[in-house]
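Q: Going down the list, the protein sequences come from chains X and A.
Position in the first sequence (first residue = 1) + 1 = this note's numbering.
Position in the second sequence (first residue = 1) + 1 = this note's numbering.
Everything labelled a hint here was simulated from the structure, so no lab data went into it.
A few of these clues could be false.
[Said to hold, decoys possible] Here are the simulated lysine to any residue pairs, SDA-like style, with alpha carbons at most 25 angstroms apart:
{"#": "1", "chain 1": "A", "residue 1": "K131", "chain 2": "X", "residue 2": "A35"}
{"#": "2", "chain 1": "A", "residue 1": "K184", "chain 2": "X", "residue 2": "N194"}
{"#": "3", "chain 1": "A", "residue 1": "K19", "chain 2": "X", "residue 2": "D10"}
{"#": "4", "chain 1": "X", "residue 1": "K131", "chain 2": "A", "residue 2": "V84"}
{"#": "5", "chain 1": "X", "residue 1": "K191", "chain 2": "A", "residue 2": "S161"}
{"#": "6", "chain 1": "X", "residue 1": "K19", "chain 2": "A", "residue 2": "S161"}
{"#": "7", "chain 1": "X", "residue 1": "K184", "chain 2": "A", "residue 2": "M77"}
{"#": "8", "chain 1": "X", "residue 1": "K153", "chain 2": "A", "residue 2": "I109"}
{"#": "9", "chain 1": "A", "residue 1": "K131", "chain 2": "X", "residue 2": "E68"}
{"#": "10", "chain 1": "A", "residue 1": "K191", "chain 2": "X", "residue 2": "Q96"}
{"#": "11", "chain 1": "X", "residue 1": "K189", "chain 2": "X", "residue 2": "E68"}
{"#": "12", "chain 1": "X", "residue 1": "K184", "chain 2": "A", "residue 2": "N194"}
{"#": "13", "chain 1": "X", "residue 1": "K153", "chain 2": "X", "residue 2": "N106"}
{"#": "14", "chain 1": "A", "residue 1": "K147", "chain 2": "X", "residue 2": "K19"}
{"#": "15", "chain 1": "X", "residue 1": "K19", "chain 2": "A", "residue 2": "K131"}
Number of protein chains: 2
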Amino acid sequence: MIRIVITDDHPLLMEGLKNILAQQDDFEIVNCYASSSDLFLGLKKDQADILLLDINLSDSNSLDIIEELIHKYPDMRIIMLSVHNEFAVINSALQKGAYGYIQKNANIEEIISGIEFVLQGKKFLCKQTKSVMDKKSQSDLKVIPKLTRREKEILVEAASGLTTPQIAEKLFISPHTVESHRKNLIVKFKTSNLTTAIKLALEYGIIRA
Amino acid sequence: MIRIVITDDHPLLMEGLKNILAQQDDFEIVNCYASSSDLFLGLKKDQADILLLDINLSDSNSLDIIEELIHKYPDMRIIMLSVHNEFAVINSALQKGAYGYIQKNANIEEIISGIEFVLQGKKFLCKQTKSVMDKKSQSDLKVIPKLTRREKEILVEAASGLTTPQIAEKLFISPHTVESHRKNLIVKFKTSNLTTAIKLALEYGIIRA
DNA sequence: TCACAATTAGCTGGTATCAGGGATAAAATT
DNA sequence: AATTTTATCCCTGATACCAGCTAATTGTGA
Numbered sequence: 002m003i004r005i006v007i008t009d010d011h012p013l014l015m016e017g018l019k020n021i022l023a024q025q026d027d028f029e030i031v032n033c034y035a036s037s038s039d040l041f042l043g044l045k046k047d048q049a050d051i052l053l054l055d056i057n058l059s060d061s062n063s064l065d066i067i068e069e070l071i072h073k074y075p076d077m078r079i080i081m082l083s084v085h086n087e088f089a090v091i092n093s094a095l096q097k098g099a100y101g102y103i104q105k106n107a108n109i110e111e112i113i114s115g116i117e118f119v120l121q122g123k124k125f126l127c128k129q130t131k132s133v134m135d136k137k138s139q140s141d142l143k144v145i146p147k148l149t150r151r152e153k154e155i156l157v158e159a160a161s162g163l164t165t166p167q168i169a170e171k172l173f174i175s176p177h178t179v180e181s182h183r184k185n186l187i188v189k190f191k192t193s194n195l196t197t198a199i200k201l202a203l204e205y206g207i208i209r210a
Numbered sequence: 002m003i004r005i006v007i008t009d010d011h012p013l014l015m016e017g018l019k020n021i022l023a024q025q026d027d028f029e030i031v032n033c034y035a036s037s038s039d040l041f042l043g044l045k046k047d048q049a050d051i052l053l054l055d056i057n058l059s060d061s062n063s064l065d066i067i068e069e070l071i072h073k074y075p076d077m078r079i080i081m082l083s084v085h086n087e088f089a090v091i092n093s094a095l096q097k098g099a100y101g102y103i104q105k106n107a108n109i110e111e112i113i114s115g116i117e118f119v120l121q122g123k124k125f126l127c128k129q130t131k132s133v134m135d136k137k138s139q140s141d142l143k144v145i146p147k148l149t150r151r152e153k154e155i156l157v158e159a160a161s162g163l164t165t166p167q168i169a170e171k172l173f174i175s176p177h178t179v180e181s182h183r184k185n186l187i188v189k190f191k192t193s194n195l196t197t198a199i200k201l202a203l204e205y206g207i208i209r210a
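Can you build the whole structure from these sequences, using the hints too?
A: Have a look at this one:
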């Protein structure tokens with residue numbers, strides 16, 4: 002029996018997944034969690050062969066916990082579930098060690114065959130994800146940039162519509178400092194203005210709307 | 002029997018919905034569609050009492066087809082399904098005649114009780130949606146602004162990172178004209194800069210990322 | 001403790017954006 | 001046919017943003 006664990010905070014989708022996977026004789030759904038904290042707790046008791054992991058948990062950015070999961074449970078293979086489909090996100094997930102990437106609007110057959118692929122040690126991408134990876138140069142970003150604490154703060158404030166002087170006032174720092182972070186953000190996102198960087202950060206789930 | 006039609010382009014979620022609703026004795030799932038065009042075709046043959054309608058169909062903006070649906074099938078009550086939860090979106094849907102608004106990460110019980118509410122002629126909002134409506138002043142926007150063709154074009158180009166002169170060159174118009182549209186957009190979105198307007202438009206599904 | 005990263009702050013100069021007006025011709029609606 | 005909407009263009013002045021540097025403190029990990 003293939004032990005499967007699902008982590009997603011959408012009950013409806015979870016229900017769909019459970020029903021579909023339960024129809025496969027060799028699949029056993031060990032547990033379902035709605036948050037990363039529950040996932041970590043649960044894994045201590047019941048390990049799994051396959052983890053279906055929502056990339057947009059309200060709990061935490063799933064990209065950040067992939068490495069930790071693999072380190073703790075090296076035999077468990079992770080398949081990411083996502084509504085979005087951005088080159089940098091997919092690439093980051095795979096680089097961090099995920100075995101598969103499936104968009105949530107994928108066909109049912111695709112999901113099952115995806116799990117089987119991954120069990121055989123092959124990496125799997127669903128159809129839509131594949132086409133994104135093929136187009137590739139959509140974005141110049143190969144990997145999601147790593148932001149510092151302060152940079153993320155400035156990005157969030159800027160995304161909420163504040164100007165440089167307003168951000169400076171709010172964070173009790175000089176406008177020049179805000180400008181410095183701003184410039185670093187533009188460089189890290191390889192854009193020519195912060196607006197585009199904000200849009201990317203939203204797409205990539207680095208900041209929330 | 003209550004006749005239910007589902008329109009959503011996420012097979013997994015559809016599967017979940019079908020399974021949950023099929024467990025109710027008095028519910029009958031007449032048909033499921035993945036696009037608005039299929040929905041319109043299907044309704045010609047089989048009418049329904051309840052329509053569960055995804056707000057983000059790849060096909061079209063569902064907000065725009067609510068009125069048409071109600072006009073053609075005045076007895077059918079529409080419940081919107083959405084991943085997002087913005088005051089202006091919810092309000093717009095309700096004003097256009099939707100009877101319910103349920104977030105896709107809602108509990109299973111909520112969805113069933115939502116349908117029952119709506120059948121009794123009551124409007125229904127899921128828990129998360131309700132809290133958004135209560136907070137209200139999150140955004141000053143009560144309704145999603147109606148944009149002209151040109152305004153939408155300028156917004157899309159600006160969202161892709163182009164500056165005013167670049168947009169002007171691309172669309173073969175004067176930078177002054179672009180500025181005018183820009184100002185109108187800022188007014189319509191009740192923001193102080195276009196960046197925030199772009200963010201709102203992305204959230205509201207007016208433009209795509 | 002010794003690099004190295006992160007945070008802070010400053011400078012110049014050029015460009016874009018925003019607020020505030022006003023104006024005209026072509027479509028679309030009524 | 002008359003009115004409204006849409007799209008086009010222009011102006012000024014203030015402010016914000018971006019590119020390109022430099023550089024002094026904090027921390028923090030090796």
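Q: All hints, please: hold or fail.
A: Going through the hints against the structure:
no.: 1; hint: A:K131 with X:A35; verdict: 21 angstroms, holds
no.: 2; hint: A:K184 with X:N194; verdict: 19 angstroms, holds
no.: 3; hint: A:K19 with X:D10; verdict: 19 angstroms, holds
no.: 4; hint: X:K131 with A:V84; verdict: 24 angstroms, holds
no.: 5; hint: X:K191 with A:S161; verdict: 14 angstroms, holds
no.: 6; hint: X:K19 with A:S161; verdict: 39 angstroms, violated
no.: 7; hint: X:K184 with A:M77; verdict: 53 angstroms, violated
no.: 8; hint: X:K153 with A:I109; verdict: 35 angstroms, violated
no.: 9; hint: A:K131 with X:E68; verdict: 37 angstroms, violated
no.: 10; hint: A:K191 with X:Q96; verdict: 41 angstroms, violated
no.: 11; hint: X:K189 with X:E68; verdict: 22 angstroms, holds
no.: 12; hint: X:K184 with A:N194; verdict: 19 angstroms, holds
no.: 13; hint: X:K153 with X:N106; verdict: 30 angstroms, violated
no.: 14; hint: A:K147 with X:K19; verdict: 41 angstroms, violated
no.: 15; hint: X:K19 with A:K131; verdict: 28 angstroms, violated
This entry does not satisfy hints 6, 7, 8, 9, 10, 13, 14 and 15, going by the numbered hints stated previously.
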